[in-house]
Amino acid sequence: MDKLNFGSALKLIVYILVISYITDKIIYYALNTVSDKILSGQAVGKLNHFLIVKDSVDILTFGNSRTNHHINPEKLSLPGFNMGSDARSIAFCATLIKMLPKDKKQLVVVNVDSKNIFKTNYSGDDIGPLRIRYHRSDIIKQEVDKVFSYDPIQNFYWSKAYNGKVLGLFKNFFMPKYDHTKYHGYDPIYVNETQREIFKNFLKKPKRKECLDSYILNPLYESYLNQIKTFCENNNKRLVLITSPFYSDECKNDNKKMIEIFKTMNIEYHDFSDLFRDNNQIEYWKDDVHLSDKGAQVFSEILNNALYKKN
Amino acid sequence: MKNNYKYQNILLLVSSYIFYAWWDWRFLSLILFSSFVDYFSGLNIEASKTNAGRKKWLLVSLCSNLGLLGVFKYYNFFADSFSDLMFGFGWEVDDLTLNIILPVGISFYTFQTLSYTIDIYRDQFKPTKDIISFLTYISFFPQLVAGPIERASNLLPQIETKREFKHKWFNEGIFQILVGLFRKIVIADNLGTYVDAVYYNPEIHNSSTLVLATFFYAFQIYYDFSGYSDIAIGSAKLLGFKFHQNFNLPYFSKSITEFWRKWHMSLSFWLRDYLYISLGGNRKGIKITYRNLMLTMLLGGLWHGSSWNFVIWGGIHGLALGLEKFVFSLKKNQNFGFFGYIYTFIVVLLSWVFFRAPDLDSSLTIIKKILSFEFLMPFIGDFNNVAISVLMLLLGIGFDLYIRLKKVDLEILGGKLSIFRLVTFATVIIMLLNLFYSTSNNFIYFQF
Numbered sequence: 044m045d046k047l048n049f050g051s052a053l054k055l056i057v058y059i060l061v062i063s064y065i066t067d068k069i070i071y072y073a074l075n076t077v078s079d080k081i082l083s084g085q086a087v088g089k090l091n092h093f094l095i096v097k098d099s100v101d102i103l104t105f106g107n108s109r110t111n112h113h114i115n116p117e118k119l120s121l122p123g124f125n126m127g128s129d130a131r132s133i134a135f136c137a138t139l140i141k142m143l144p145k146d147k148k149q150l151v152v153v154n155v156d157s158k159n160i161f162k163t164n165y166s167g168d169d170i171g172p173l174r175i176r177y178h179r180s181d182i183i184k185q186e187v188d189k190v191f192s193y194d195p196i197q198n199f200y201w202s203k204a205y206n207g208k209v210l211g212l213f214k215n216f217f218m219p220k221y222d223h224t225k226y227h228g229y230d231p232i233y234v235n236e237t238q239r240e241i242f243k244n245f246l247k248k249p250k251r252k253e254c255l256d257s258y259i260l261n262p263l264y265e266s267y268l269n270q271i272k273t274f275c276e277n278n279n280k281r282l283v284l285i286t287s288p289f290y291s292d293e294c295k296n297d298n299k300k301m302i303e304i305f306k307t308m309n310i311e312y313h314d315f316s317d318l319f320r321d322n323n324q325i326e327y328w329k330d331d332v333h334l335s336d337k338g339a340q341v342f343s344e345i346l347n348n349a350l351y352k353k354n
Numbered sequence: 459m460k461n462n463y464k465y466q467n468i469l470l471l472v473s474s475y476i477f478y479a480w481w482d483w484r485f486l487s488l489i490l491f492s493s494f495v496d497y498f499s500g501l502n503i504e505a506s507k508t509n510a511g512r513k514k515w516l517l518v519s520l521c522s523n524l525g526l527l528g529v530f531k532y533y534n535f536f537a538d539s540f541s542d543l544m545f546g547f548g549w550e551v552d553d554l555t556l557n558i559i560l561p562v563g564i565s566f567y568t569f570q571t572l573s574y575t576i577d578i579y580r581d582q583f584k585p586t587k588d589i590i591s592f593l594t595y596i597s598f599f600p601q602l603v604a605g606p607i608e609r610a611s612n613l614l615p616q617i618e619t620k621r622e623f624k625h626k627w628f629n630e631g632i633f634q635i636l637v638g639l640f641r642k643i644v645i646a647d648n649l650g651t652y653v654d655a656v657y658y659n660p661e662i663h664n665s666s667t668l669v670l671a672t673f674f675y676a677f678q679i680y681y682d683f684s685g686y687s688d689i690a691i692g693s694a695k696l697l698g699f700k701f702h703q704n705f706n707l708p709y710f711s712k713s714i715t716e717f718w719r720k721w722h723m724s725l726s727f728w729l730r731d732y733l734y735i736s737l738g739g740n741r742k743g744i745k746i747t748y749r750n751l752m753l754t755m756l757l758g759g760l761w762h763g764s765s766w767n768f769v770i771w772g773g774i775h776g777l778a779l780g781l782e783k784f785v786f787s788l789k790k791n792q793n794f795g796f797f798g799y800i801y802t803f804i805v806v807l808l809s810w811v812f813f814r815a816p817d818l819d820s821s822l823t824i825i826k827k828i829l830s831f832e833f834l835m836p837f838i839g840d841f842n843n844v845a846i847s848v849l850m851l852l853l854g855i856g857f858d859l860y861i862r863l864k865k866v867d868l869e870i871l872g873g874k875l876s877i878f879r880l881v882t883f884a885t886v887i888i889m890l891l892n893l894f895y896s897t898s899n900n901f902i903y904f905q906f
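For the record, the sequence lines run as chains A and X. Quick note: the first sequence uses the working numbering, first residue 44, plus one each step. Quick note: the second sequence uses the working numbering, first residue 459, plus one each step.
Hints were generated in silico from the structure; no laboratory data involved. The beta-carbon is built from N, C-alpha and C at its ideal position, and this holds for glycine as well. Keep in mind that a hint or two might mislead.
Said to hold, decoys possible - Away from chain A, derived, C-beta distances all over 10 Å, residues of chain X: (1) F498; (2) L517; (3) Q582; (4) N612; (5) K700; (6) D867.
Stated by the list, open to error - Result set (DSBU-like, lysine-lysine): computed pairs, CA atoms no more than 35 Å apart in a straight line: (7) K874(X) - K203(A); (8) K243(A) - K826(X); (9) K587(X) - K620(X); (10) K203(A) - K626(X); (11) K247(A) - K827(X); (12) K203(A) - K97(A); (13) K827(X) - K248(A); (14) K248(A) - K826(X).
Model the full structure from these sequences, guided by the hints.
Below you can see the structure in the form of structure tokens.
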């Protein structure tokens, strides 16, 4: 092997690594600057908003889209923020809950569904969207490292945290979706006539009862629940788990099992799955799992009563 | 390690086998079987003094390789088709299909190893006596699972020569690998997300959505496979091997004939040299030429996968090639001018519907829906993904246009750039990869 040739190749590799490393950091910090100014949009804006309000609000709700569209914090007795987001589960919630202030008295509401809690292959990968703050928060870094295997590229090129988010970032920077000062994390669903018709047709179709076969609490899910419980107990927080309404909840064994599990774990739990069973209205729903704004307003008031009746 | 190509080959061979075994070690036995059959067939063809003897050993090679391919790739297809045919006649046949896994790369290394024995039979190549070199030729990891299908006449002499580190080749290789990564994991995979969403449920979409998805698929498969080829060619160059070009901006073609000179060139030239010419090519009159073109493309389609969709895909190309042959025989010039670009792209788009759709029914549904001319607002789905896809596609097409207009050769471009330009280019690509890569897809051609 020609030593001079090999040296030139090595030089090329070193140059590429050094220049790309420096460029990556410039891009990363530039994107951080833009990102920090964004307070609208689900991926980045809502997280930023949460980080701003988390120390001041009294009630925080966590969960997936069924939290996001079901709970209007304006209907609650004390100032609150709804941190529900599409496709998030317990790992995402637990990480954000651990970022709450240590001593402030707060109510933490986590919306749990039986389909997630008994899911055999739950891996905690819903924490992925928090990678955007991987290099800026020790808590997030620690939690992400627990779920995902070591990623040497992510550790070398930090801008990878913004993968797939750059266009959305600039869109929300220049054209914010909403006025964040009037936003509390709740995204109402206003159902139009076409959507209503689609749902009506869906209801007419015969349904197969798809209940779970086994009700074993996923160990990872259980671990996150325990972490949330411990954090709340040690940091002046009241933890409440809820299950928000379904249009029609045919499977009952999972609800019974959840009540049993949470009782054993000594966690306050309210099951609203059947809330509208006796007085259901099509106007309350967008589909069989998501409430319309009208339904969400009703549910939020009932939730508020349930949360404060005991206290 | 001594400066001897034999040691280099042992290292390459072991690496290649480990690479393949990582997927499923059991299928190494198939590569070994094919390799040994062809190694000895090659030697025996050369040693045979009579034509019958040569033919006998060629048949051993053909039957062994095509037999393996037939069992692992086509058995279930023919069993299913036979059952359907019998059912059509009113006879019900028991399920004849078997639970067979398709070994990765079998179509590619089978064609590669067949070219070796056929070339020897045709006296176009002398067999190697060095078994290690031959095993390395068949299993060489950069092109083992999805090509390019390298002929022995190009690759074996390189394997049997000591490789020296060449700085220029190193730069060319790095450049081409980066281009390949961008094409594959940024452009193709982002496009694939939209294509998958639409083709998963084609009946619910309007004409504009299906046309857009098919348009995206045309570029998805191009950037997927040409990107893979770039990575393979670049990696081989880092190790001191030069492969042939596999794609040459195929969508800039004025006819299907030209398209096939630029698309998956290692396969199309293989089909031309070993199938079309073996069938008689254009030497036996115009009718036989049309038949040969159609047969070659139908079998070329079937090579891609055991489904009638691939056969129809090949059939569309065969028909277009035949029609072009007829039209060009009446004209002086051998293309359709600027209109040719549009005509070629439309035919290719139409054929991609069959290539991408999961089955024949879905393909026909898509064609019917497109022809219903319901050109309303297309489905967008994840706006962010579509926006990234379009932006990256424009970058990719822009880069291709640059290559075409400047008449530069992608394979050697990296070697011509100054270190400053090469580092700048690499940095830009790395940033694009970090910010826009998608993890959604595998290499499309791995399934073939």
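Check your understanding: Among all the numbered hints in the text so far, which are the ones the structure does not match?
Key -> none
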